[in-house]
Amino acid sequence: MTQKIVQYLGSLDKKFLTFYSVVLVVLLGIIDYLSGFELAFSLFYLLPVSISAWFVGRKSALLISVLSTVSWFISDNLAGAVYSHSVIGLWNALVRLGFFVIVAFLLTNLNLAIEQERILSRTDFLTGITNSRYFYELAFLELYRAKRYNHPITIAYLDLDNFKQVNDRFGHSAGDALLKVFAQTLRTNFRQTDIIARMGGDEFVVLLPETDANAAKAAVTKAQVSLLEMMQHNNWNVTVSIGVITFEVMPDSLDEALRQVDELMYSVKFSGKNNIRFVSAD
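In my numbering, the protein residues as written are 20 to 301.
Just so you know, the hints here were simulated from the structure itself, not pulled from any lab data.
All values derive from a computational prediction rather than experimental measurement.
Be a bit skeptical, because a hint or two may be false.
Between beta-carbon pairs, the in silico distance windows are [unchecked claim]: (1) 23 <-> 231: 36 to 46 angstroms; (2) 220 <-> 247: 16 to 26 angstroms; (3) 184 <-> 137: 16 to 26 angstroms; (4) 241 <-> 63: 58 to 68 angstroms; (5) 117 <-> 66: 16 to 26 angstroms.
Distance condition first, Cα-Cα at most 20 angstroms in a straight line; then the derived EDC-like pairs of lysine to aspartate or glutamate [unchecked claim]: (6) 166 <-> 301; (7) 241 <-> 231; (8) 166 <-> 180; (9) 241 <-> 222; (10) 236 <-> 195; (11) 166 <-> 156; (12) 199 <-> 180.
The beta carbon of each residue, even a glycine, is placed where N, CA and C say it ideally should be.
Based on the sequences and whatever the hints tell you, model everything.
In structure tokens form, the structure reads like this:
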């Protein structure tokens with residue numbers, strides 16, 4: 020139940036959530052006034068503060084914190100709260116404001132940390148593209164979608180030729196730089212809907228949803244040209260061996276599909292490297 024509520028709130032527009040939080044503060048202020056100043060009601064203001072902090076952001080949370088404090092202060096005074104000195108009421112308001120702000124900052128920082136950890140767990144630490152674990156999650160969904168709607172899907176497996184020589188000759192920092200530029204070049208040559216991942220070492224994979232053999236050949240060939248130009252521009256004596264399979268009929272599993280593409284890529288390497296082989300599985 021709680022998870023469904025969190026998912027629902029997370030799907031709402033941030034402006035609407037801010038407006039919703041403001042309305043909630045007003046309603047809490049009215050209830051606070053009607054319940055009288057003797058009943059402590061500050062804790063309930065944490066609800067709109069928390070919603071803003073978690074689902075909207077720090078600025079919205081600070082705004083709601085201030086509005087909650089003002090709402091409490093006005094409700095408390097209208098309800099007839101009497102203090103031995105007028106400064107006490109202001110002091111209490113400032114204490115509540117500090118409490119709301121601390122909670123808001125803690126929640127926003129926690130949410131940012133969780134989001135960052137989520138991104139890091141799905142991203143290759145060196146290249147910034149999808150890692151192998153997250154690729155399997157995304158590819159499984161695409162494979163399921165392709166089976167259900169009978170759409171073609173293409174998988175390209177890429178392996179760098181002579182990459183070890185770069186590491187041996189120029190050091191691992193040069194090899195890392197090559198991998199970063201390689202990944203960025205892949206990004207610029209494929210669609211945003213395509214899944215680009217580093218599978219480990221110098222091996223990469225690109226999954227192209229709803230892409231037939233002709234479209235795949237055009238896209239991968241264009242990418243290969245860009246990759247080789249990038250290598251030459253940086254004076255790296257590295258080429259790319261690529262195996263590409265377009266699946267008109269889906270294999271039994273993702274592992275089977277990757278095995279077939281991987282074998283095709285290695286057949287390119289064993290027959291001279293620096294080439295592409297296209298296969299249509301129907």
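Okay, the hints, checked on the actual structure:
1. 23 <-> 231: 36 to 46 angstroms: About 39 angstroms separates the Cβ atoms of residue 23 and residue 231, which means 36 to 46 angstroms holds.
2. 220 <-> 247: 16 to 26 angstroms: 20 angstroms Cβ-Cβ, so the 16 to 26 angstroms window holds.
3. 184 <-> 137: 16 to 26 angstroms: Once the Cβ atoms are compared, 37 angstroms apart, the range 16 to 26 angstroms for residue 137 and residue 184 is violated.
4. 241 <-> 63: 58 to 68 angstroms: Holds: the Cβ-Cβ distance is about 59 angstroms, inside 58 to 68 angstroms.
5. 117 <-> 66: 16 to 26 angstroms: 18 angstroms, holds
6. 166 <-> 301: 13 angstroms, holds
7. 241 <-> 231: The hint holds at about 16 angstroms.
8. 166 <-> 180: 34 angstroms, violated
9. 241 <-> 222: 19 angstroms, holds
10. 236 <-> 195: 28 angstroms, violated
11. 166 <-> 156: 16 angstroms, holds
12. 199 <-> 180: 16 angstroms, holds
In this structure, the earlier hints numbered 3, 8, 10 are contradicted, and the remaining ones agree with it.
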